[in-house]
Amino acid sequence: MARTTVIEGRVWPVVDASGTYLNDVDTDQIYHNAYIAVTDVDEMGRYAFGNLAGWGDFPTKAEPGDILVVGANFGAGSSRQHAVDCFRTLGVAGVVGISFGAIYKRNAVNAGWPLVECPDLLKLELAAGDVLRVNFKTGELENRTRGKLAAARPFSRVQMDVYLAGDLFAYGSSLGGKSAGRLR
Amino acid sequence: MAQTIIEKIIAAHSGDDVFPGATVWLELDVRAARDFGGANVVKNFDRHYTSMPVADAGKTFFTFDCVVPAKDIPYANNQQLCREFAARQGIKVYDVDAGIGSHVLMEEGLARPGGTVVNTDSHMNIVGAIGCLGQGMGDADIAFAFRTGRTWLEVPPSVKVVLKGKYKWPTTAKDVALAMLREFGSSGLLGKAVELYGPAAEVLSVEERITVASMATEMGAIAIFVPPSEEVLAWCEGTAGVEVGGVYADEDASYEATYELDVDGLEPLVACPPSPADVKAVSEVVGKEINSAFFGSCTNGRIDDFRAVGRLMSGRPVAAGVMAYAVPATRRVYGAMLVEGLTAELFGDGFVVSNAGCGGCAQGQIGMTGKDEVQVSTSNRNFPGKQGAGETYLCSPVTAAASALMGTITDPREVA
Ligand code: SF4
Chain A
804 MARTTVIEGR VWPVVDASGT YLNDVDTDQI YHNAYIAVTD VDEMGRYAFG NLAGWGDFPT
864 KAEPGDILVV GANFGAGSSR QHAVDCFRTL GVAGVVGISF GAIYKRNAVN AGWPLVECPD
924 LLKLELAAGD VLRVNFKTGE LENRTRGKLA AARPFSRVQM DVYLAGDLFA YGSSLGGKSA
984 GRLR
Chain P
21 MAQTIIEKII AAHSGDDVFP GATVWLELDV RAARDFGGAN VVKNFDRHYT SMPVADAGKT
81 FFTFDCVVPA KDIPYANNQQ LCREFAARQG IKVYDVDAGI GSHVLMEEGL ARPGGTVVNT
141 DSHMNIVGAI GCLGQGMGDA DIAFAFRTGR TWLEVPPSVK VVLKGKYKWP TTAKDVALAM
201 LREFGSSGLL GKAVELYGPA AEVLSVEERI TVASMATEMG AIAIFVPPSE EVLAWCEGTA
261 GVEVGGVYAD EDASYEATYE LDVDGLEPLV ACPPSPADVK AVSEVVGKEI NSAFFGSCTN
321 GRIDDFRAVG RLMSGRPVAA GVMAYAVPAT RRVYGAMLVE GLTAELFGDG FVVSNAGCGG
381 CAQGQIGMTG KDEVQVSTSN RNFPGKQGAG ETYLCSPVTA AASALMGTIT DPREVA
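Chains as they are written, first to last, in my numbering: chain A, 804 to 987; chain P, 21 to 436.
Don't read these hints as lab results, they were simulated from the structure.
Certain hints may be false.
Unchecked claim - Each pair of labels, with its calculated beta carbon distance range: (1) P:D272 to A:R956: 22 to 28 Å; (2) P:D272 to A:G868: 45 to 51 Å; (3) A:G932 to P:F403: 50 to 56 Å.
We treat Cβ as the ideally placed atom computed from N, Cα and C, and that holds for glycine.
Put together the whole structure using the sequences plus the hints.
Right, here's the structure in full:
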């Protein structure tokens with residue numbers, strides 16, 4: 804199945820009561836370690852943001868195709884893959900953020916879950932429910948509701964290769980035998 | 021464009037543009053898994069790549085080192101699972117006799133200057149000691165590397181650290197590593213590729229470079245690269261059996277920062293629990309009673325380290341009530357200890373001398389601590405639970421030997 808490189812969806816900005824983006828939301832707030840033993844990805848969705856004050860009901864409100872919008876250093880902390888997978892279970896189409904924890908980014912790329920870094924995120928003036936269009940190839944971001952634009956980092960070749968294949972493992976099996984190690 | 025060491029190594033192993041922040045596919049000269057994580061690599065591989073071959077069995081290895089030989093059935097099962105997979109795929113196993121994987125890969129000439137290596141070992145970057153790029157990774161990433169021969173990497177920014185000055189015995193390279201931790205803490209070099217220069221770096225032997233590079237992980241660095249000296253290249257040519265060339269930075273390469281660290285007259289240091297960055301002068305902690313002393317690990321398990329221990333002990337016995345453990349890093353080191361008489365010498369001083377491996381460092385069988393036990397250790401981590409339930413003080417082999425001799429943390433200058 805060919806995957807689209809442009810998505811459009813309703814946004815969930817992860818902000819505090821005053822509308823300021825939360826920074827340094829760590830993997831424990833995203834996915835509490837009480838549920839770390841869960842191995843079935845289908846089950847993980849219900850625990851998304853379970854440990855982030857005010858966000859406990861996110862799993863019941865999020866719709867497939869929605870886009871998560873986050874502040875700086877999102878996903879800092881432990882290496883748990885659950886913190887990426889819980890959103891995939893809910894059908895969240897991807898995450899756009901000012902910056903991300905390094906391991907979180909690695910996990911998202913490996914899972915083929917779209918993650919877009921946009922230091923200029925604030926230019927989009929996103930409010931909950933606005934519709935955002937994200938182009939993975941060009942890095943163009945558009946708040947369709949308010950007509951605001953921002954430029955993000957487009958997917959790297961690696962990120963695109965893995966995303967188009969599905970995930971890291973699918974990308975690996977798509978490569979043929981011994982030539983697999985050779986690069987262009 | 022002018023490039024740093026890591027940029028050059030990556031560029032030689034990638035078709036992508038290389039600059040700090042770029043994400044590239046990296047071709048791997050060596051991909052390996054240890055007994056820790058290895059079984060999960062096999063399970064991931066078999067689940068996702070059923071009946072498929074690894075990309076190149078000749079570049080794929082298992083290196084058992086964490087718990088060797090296995091001390092319990094789960095470890096024995098995991099090791100056996102790896103052996104069976106290896107037999108099916110035609111992969112070489114450096115088995116429970118071989119020693120610490122990262123060291124074995126260097127000794128076997130598989131990790132070479134300018135090369136690329138991954139393993140399920142967070143200290144795989146230790147090969148920066150010989151100018152090789154090593155990275156530790158999780159089991160999913162390593163299964164992918166087995167299958168494809170590549171991994172992906174975000175090119176890190178490079179920084180320079182210039183080591184100035186001179187120090188003298190009984191201060192050692194371990195004290196230099198601890199001095200760096202004191203200076204930069206556990207996050208001052210976070211995510212950076214560090215290059216070591218300066219008079220105090222240039223004179224380091226292969227073994228001393230290994231000690232310093234082994235603690236890159238504790239500093240949060242991607243790796244510490246020491247540009248290979250003639251001596252290092254000769255050592256590597258001896259192990260690889262072929263001519264090797266070092267990879268050096270371009271003169272006009274650009275660095276995010278340059279730091280100077282003066283190690284002139286450096287005194288012996290100790291990292292106090294619970295963090296490797298909690299560094300104090302040994303004089304500040306002298307007198308602390310110890311229960312045990314661990315000699316070994318990928319940081320200080322080389323033959324020179326055990327020679328230094330022998331030199332300090334000089335035939336004197338370990339203090340009554342103190343358990344002293346010597347665990348060589350590799351089978352080759354173990355062999356050298358036997359031939360040189362060091363095993364008998366340390367045995368005579370009261371040490372437990374074991375076969376090669378990580379020992380108690382990853383809760384293996386030799387040197388694990390019990391609750392409230394105080395240990396001096398030549399390893400690299402003293403986080404709670406890392407080497408057991410007790411308190412671990414990290415120091416050089418010489419400081420650890422002086423402490424074992426006296427039964428309290430001791431300044432080696434007092435007894436050398
Ligand atoms: S000696 Fe310790 S730090 Fe080094 S590889 Fe073994 S377990 Fe890891």
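A:R956 and P:D272 - C-beta distance against the hinted 22 to 28 Å: holds, 27 Å
Are A:G932 and P:F403 spaced within 50 to 56 Å by their CB atoms? violated, 44 Å
Per the hint of 45 to 51 Å, is the separation of the Cβ atoms of P:D272 and A:G868 within bounds? Between P:D272 and A:G868, where Cβ atoms are some 49 Å apart, the hint holds.
Violated hint for the displayed structure: number 3, the only one.
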